[in-house]
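Fit chains B and C to the supplied structure of chain A, relying on the hints for placement.
Below are the chains, spelled out letter by letter.
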Amino acid sequence: MDYFAQQLINGLVLGSIYGLIAIGYTMVYGIVGMINFAHGDIFMIGGFMALISFLILVSFGLTAVPVILLIVLIVSMAITALYGWTVERIAYRPLRHSFRLAPMLSAIGMSFVLSNYSQVAQGARVKPVPPIIPGGYALYTGASGFVVQLSNVQIVVVITTIVLLLIFTWLVARTRLGRDMRACEQDQTMAALLGVDVDRTISMTFVIGAALAAVAGMMYLLYYGLVDFFMGFVAGIKAFTAAVLGGIGSLPGAMLGGLAIGLIETLWSAYFSVEYKDVAAFSILIVVLIFLPTGLLGRPEVEKV
Amino acid sequence: MSGEQILRIDHLTMRFGGIVAVNDLSFAAERRKVTALIGPNGAGKTTVFNCITGFYKPTAGTMRLARDEGSEVALERLNDFRISKHAKVARTFQNVRLFPGMTALENLMVAQHNALMLASGLTFLGLIGAPSWRSAEKRAIDRARFWLDRVGLLERADDAAGNLPYGDQRRLEIVRAMCTEPVLLCLDEPAAGLNTRESASLSELLLSIRSDQGTSILLIEHDMSVVMEISDHIVVMDYGVKIAEGSPAMVRDDPKVIAAYLGADEEEAIAVMEAGP
Amino acid sequence: MASVTISAPEVKPAAAGIAFILKKAAISAFIALVLFSLMVGVRTEAGPTGQLTYWTRFGELAALVAAVFAGSIVIEILRQWIGPAGAGALVPPALQHAIKTAARLVAPALLLFTLLVPVIFYDQRYILDLGVLVLTYVMLGWGLNVVVGLAGLLDLGYVAFYAVGAYSYALLATSLGLSFWEGLPLAGILAALWGVMLGFPVLRLRGDYLAIVTLAFGEIIRLVIVNWQSLTGGPNGVSGIPRPTLFGIALTPADDGLAAKLGIPFSPTHRIVFLFYLILALALLTNWVTIRLRRLPIGRAWEALREDEVACRALGINTTTTKLTAFATGAMFGGFAGAFFATRQGFISPESFTFQESALVLAIVVLGGMGSQLGVALAALAMIGGFELFRGFEQYRMLVFGLVMVLLMIWRPRGLIGHRAPTVYLKQAQTISSDLVREGHG
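For the protein sequence lines, the chains are A, B and C, in the order given.
Okay, so the first sequence: first residue is 693 according to this note's numbering, each after it adds one.
Okay, so the second sequence: first residue is 504 according to this note's numbering, each after it adds one.
Okay, so the third sequence: first residue is 30 according to this note's numbering, each after it adds one.
Please note: incorrect hints may appear among the correct ones.
Facing chain C, from chain B, some residues (calculated, C-beta under 7 Å) [stated by the list, open to error]:
(1) Thr565
(2) Asn582
(3) Asp583
(4) Met612
(5) Met620
(6) Phe627
(7) Gly629
(8) Ala660
(9) Asp661
Hints were generated in silico from the structure; no laboratory data involved.
We treat Cβ as the ideally placed atom computed from N, Cα and C, and that holds for glycine.
Chain A on its own, in the form it takes in the complex (with noise of 0.2 Å):
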């Protein structure tokens, strides 16, 4: 029971990380209706950018370790916008308006050029750091002897998410920006009348889906201590399986779609095969696109005839 609670946590930490990289899929796929291959490896890019400005802050002697976190959260999310920005704006804005599988295979060229861009610029080897916020708390000891813990690192990550979700909501909710998000959602061209501009609204789409897979990389950074140029293919198809799960167009649903996908990969890799995990998480992707293809909190289609 304490092992299984162990788990649970766990899976509720990595799901957190999944979940804000799901919120760039869901986001970017219902307003344009793609899916952004790419998105894993902005993902990738934002560990990256963590690592490289931890690094660099520490060499100047700074030890204040939540001053750091802040500057490298700030600088980290900033940069990789920025990549998510130049991304749309070079390989899928011009195809806008193309037929269906020229923005697809964009974005698989764009998921490519960004992970071997970070493999010749870094190098292939898998980059480790030493654990940036160490120790936790012993929560309780169970009747086996074995320790159920909440590490520090772990507030960390709920919390930011948590932050993240919370301003993230508002601005869809309460911003001009996310009235004009849900309008182009809706229907562009009615939106592009109405005075919306549907460039600039989709182009903010890809910058905070962007942003929040900066935090999620920073998240991943603190959590594993580890970042490398190819984490962002798979945990791309991981984090695009909880936006399904969860009900594409849906913002709660692609959070809730990545705690499940979180605690479906800990609780597999706990209970059943590590090495088998990564077939558990895409059979979840195929069974769910199966029985309920518009997820759980989707908008049910009915096809026009």
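Below, chains B and C alone, put in the same frame as chain A:
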């Protein structure tokens, strides 16, 4: 079902979530006759079509099709492609749905898919070029040629369907449906967007299909000149229910029908009619 | 009538242009600076003790930013020079017409050339190897073309069938001792079965969802291969796969080998020539079957499915079986290619069956102009040939490949061959422009 009827709809109801698009609709269409389904926009006519042709599963009610030899087919239990393949009900669409990247001839060949699949021995006879396949293909091309000629598209048989002018596309869609050799042809607003001359030639085409092929026709239409000219029987819908049914003359003078189209209520319509010209 | 001429103020379009171009280039350079600042400007590496260290590369950073600045200027100048008419306006009409007439000869000329490659390049092992590689991808492209190009079903996991074919043949050959000619049809059948199994769950899916599920399938197959060590040998792969024989006669220096039977001195080149003609035969078989199927109801139904699935249903076509046959047929050809790959290499491992392979084959199909046999062949030649040119620069290869994919989609999203040929005609086959042909939603 009487021997004259080919299609009988009984208590058909279609619900989408909270919206009742079609409410307890009953009517019958007669063999070798043209039955028109008319009504203001949003009355539920296309929904009825989609139920009959297997694109929606009705919430309640039955739709029975009478075959030539007397047996009945329960359309509400068939779905998808089977309605066309087994029940021989063909349809056209409100927004023309041709295969734009294929030629007019290819479009008509696709329509004869099921017969050709059998003749090609599920492809294998076709692969080896068996003579039985070759003659079946030739017959199919001849049938396509016949129908293209009927609508004056023989010269444009090798043109891409997407390149054809709108009126030609509409006619091509109809003859493509005829290539499936249906007993019931359902047409969804075939005259939409056609000018007077084109509507007249459409009416002539439909009448000849009815008399030469003996196909029964069920038709949704807004163009009253076409409806009045070719229909044998009219069913009027509004807000998902049937509000009138009868011969064209009866329906034309029915105050309920006029009221529905004018958006007024019945008393006003009667008052207007009694006031005279 | 006196005409009054009002002289407009002297506007210098050239000067305004230069200022505009410079401003754009400066903005691009600044963006590049921010993007590359950390990734390029700083290089991290794990030191000998596992500690992460870094050093700066400001020189490279400055060079890259300068390149972006210069490149931006060049692109803007090109854009203004070519103008909205596009690059096509640069080619005079007479030349365009000549190219069109020559185009009709490309297919037979290419075929003739391919048949003669082993004769022309008999001594150049490298060229023959390259030829075998190109032909393998041509066959894969033609196989995927059935699914994506003809039926319009977005398959991002085609490598799964390639892997199933390769591993089926490898395992059957090494454990049951089957020869290539016995194993080949079995590999195809097993791959086709997998095609049907993939097809069932995705029947109701459209477009992007279909794509992501096929991608997931491809990854599942790869992960299973990697982890099911007892069956597949895991990351170590399967080795000792027997080489193909010419109907039982081996291509060895032994006395019962082919060379001895023909009375000619043995040379290791014999095997590679044999492999070349073998893959050529397999590819041509794929091509022939595809062309024939296009003219049969099944092939026409595939294309109709791509054009408008709803209309297909209204015409009584069983779209389920149509989709499944498309998947199965494409998968079968992938399986054949996989079996060939296994026998050519003598050794296979999961590393050859990654998502990048699926993406590469898909890029070949889309670049070729979906549905066009010749286009796919040319695209395979261009892509694989191009890949080979970068052989020395392993790291940059995929980077350039990705960039090329992006640029190609922006430049020619419908592919090299911009038209579709109808399969039946009364008077004359007129090719249909790609603008009219739908791309399919799966």
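Does the interface hint hold: is methionine 612 of chain B within less than 7 Å of chain C, judged Cβ to Cβ?
6 Å, holds
Under 7 Å is the threshold here; is the Cβ of phenylalanine 627 of chain B close enough to any Cβ of chain C for the hint to stand?
Violated, about 10 Å.
Next item in the hint list is aspartate 583 of chain B. Is there a CB on chain C closer than 7 Å to its CB?
6 Å, holds
Alanine 660 of chain B was flagged as interface toward chain C. Is the shortest Cβ-Cβ separation under 7 Å?
Nearest chain C Cβ about 5 Å off; hint holds.
Does methionine 620 of chain B hold up as a contact with chain C if the rule is Cβ-Cβ below 7 Å?
5 Å, holds
Supplied contact hint for asparagine 582 of chain B, tested at 7 Å Cβ to chain C:
Not OK, violated: asparagine 582 of chain B not within 7 Å of chain C, min 9 Å.
Would the stated hint for aspartate 661 of chain B survive a check requiring a Cβ distance to chain C of less than 7 Å?
5 Å, holds
Given a cut of 7 Å on the nearest C-beta pair, is the interface hint for glycine 629 of chain B held or broken against chain C?
4 Å, holds
Quick one, is the threonine 565 of chain B hint okay against chain C at 7 Å, beta carbons?
21 Å, violated
Violated hints, listed in ascending order, are 1, 2, 6; each of the other numbered hints is respected by the structure.
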